[in-house]
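Taking the UniProt record's numbering, the leading residue of the sequence shown gets 1, the next gets one more, and so forth.
Be a bit skeptical, because a hint or two may be false.
Unchecked claim - The calculated EDC-like cross-link candidates involving lysine to aspartate or glutamate, where the alpha carbons are at most 20 Å apart (straight line), are:
| # | residue 1 | residue 2 |
| --- | --- | --- |
| 1 | Lys37 | Glu84 |
| 2 | Lys10 | Glu33 |
| 3 | Lys75 | Asp49 |
As the list claims (entries may be wrong) - Across the chosen pairs, the derived CB separations fall in these ranges:
| # | residue 1 | residue 2 | range |
| --- | --- | --- | --- |
| 4 | Ile47 | Phe67 | 28 to 36 Å |
| 5 | Ser35 | Thr72 | 31 to 39 Å |
| 6 | Ile79 | Asn15 | 16 to 24 Å |
| 7 | Lys37 | Pro63 | 14 to 22 Å |
| 8 | Ser83 | Pro63 | 16 to 24 Å |
| 9 | Asn23 | Ile47 | 28 to 36 Å |
Hints are computed from structural coordinates only; laboratory data are not their basis.
C-beta atoms are modelled at their ideal positions from N, C-alpha and C, and glycine is treated no differently.
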Amino acid sequence: MSLITQTSGKTILWNNKDITSNNQTFFYKDWFERSIKYVDQLYDYRIKDFYSFDNICYIYGIPSNNFLKYYTLIKSVPIHIKSEINTNNTPCTQTTFVENILGRKKQNK
1 MSLITQTSGK TILWNNKDIT SNNQTFFYKD WFERSIKYVD QLYDYRIKDF YSFDNICYIY
61 GIPSNNFLKY YTLIKSVPIH IKSEINTNNT PCTQTTFVEN ILGRKKQNK
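Based on the sequences and whatever the hints tell you, model everything.
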């Protein structure tokens, strides 16, 4: 992989030529603004699969009407990237998960 698509062992999600739908890369500004930048942030290491849409909504505050965006994005991640996530098995996402939950609770008070 090139430096453009991978940083510190993490695969960049947005504008990644390896993650496309109809030959178009993805960039969801609202998701980016919610600190979603890497594929592994959508991945649950406990079950070795992507978080469910409900979990993504809860963790990152994604609107519930974004299911099609979520599904299209998840289905566009190629197998070799999923395999790299499992091989690297560095659950940074779990820290992000906790930080997001704590951050959301503070905002809701």
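Range hint 31 to 39 Å: satisfied by the CB atoms of Ser35 and Thr72?
Since Ser35 and Thr72 have Cβ atoms about 20 Å apart, the given range 31 to 39 Å is violated.
Going straight from one Cα to the other, do Lys10 and Glu33 come out at no more than 20 Å?
Since the Cα atoms of Lys10 and Glu33 sit roughly 18 Å apart, the hinted pair holds (cutoff 20 Å).
Quick check on a hinted range of 14 to 22 Å for Lys37 and Pro63, using CB atoms only.
holds, 19 Å
Assuming the hint says 28 to 36 Å, is it satisfied by the Cβ distance from Asn23 to Ile47 or not?
With a Cβ separation near 31 Å, Asn23 and Ile47 satisfy 28 to 36 Å, so the hint holds.
Within 28 to 36 Å: is that where the Cβ-Cβ distance between Ile47 and Phe67 falls?
Because 19 Å falls outside the window, the suggested range is violated.
Taking only the CA atoms, is the gap from Lys37 to Glu84 under or equal to 20 Å?
Holds: Lys37 and Glu84 sit about 16 Å apart, inside 20 Å.
Is the hinted range of 16 to 24 Å satisfied by the C-beta distance from Ser83 to Pro63?
violated, 31 Å
Pairwise hint evaluation, Asp49 against Lys75, where the allowed Cα distance is 20 Å at most:
holds, 12 Å
If you check the beta carbons of Ile79 and Asn15, does the distance land in 16 to 24 Å?
Given about 20 Å between the Cβ atoms, the range holds.
Hint compliance for this structure: hints 4, 5, 8 are not met, and every other hint is.
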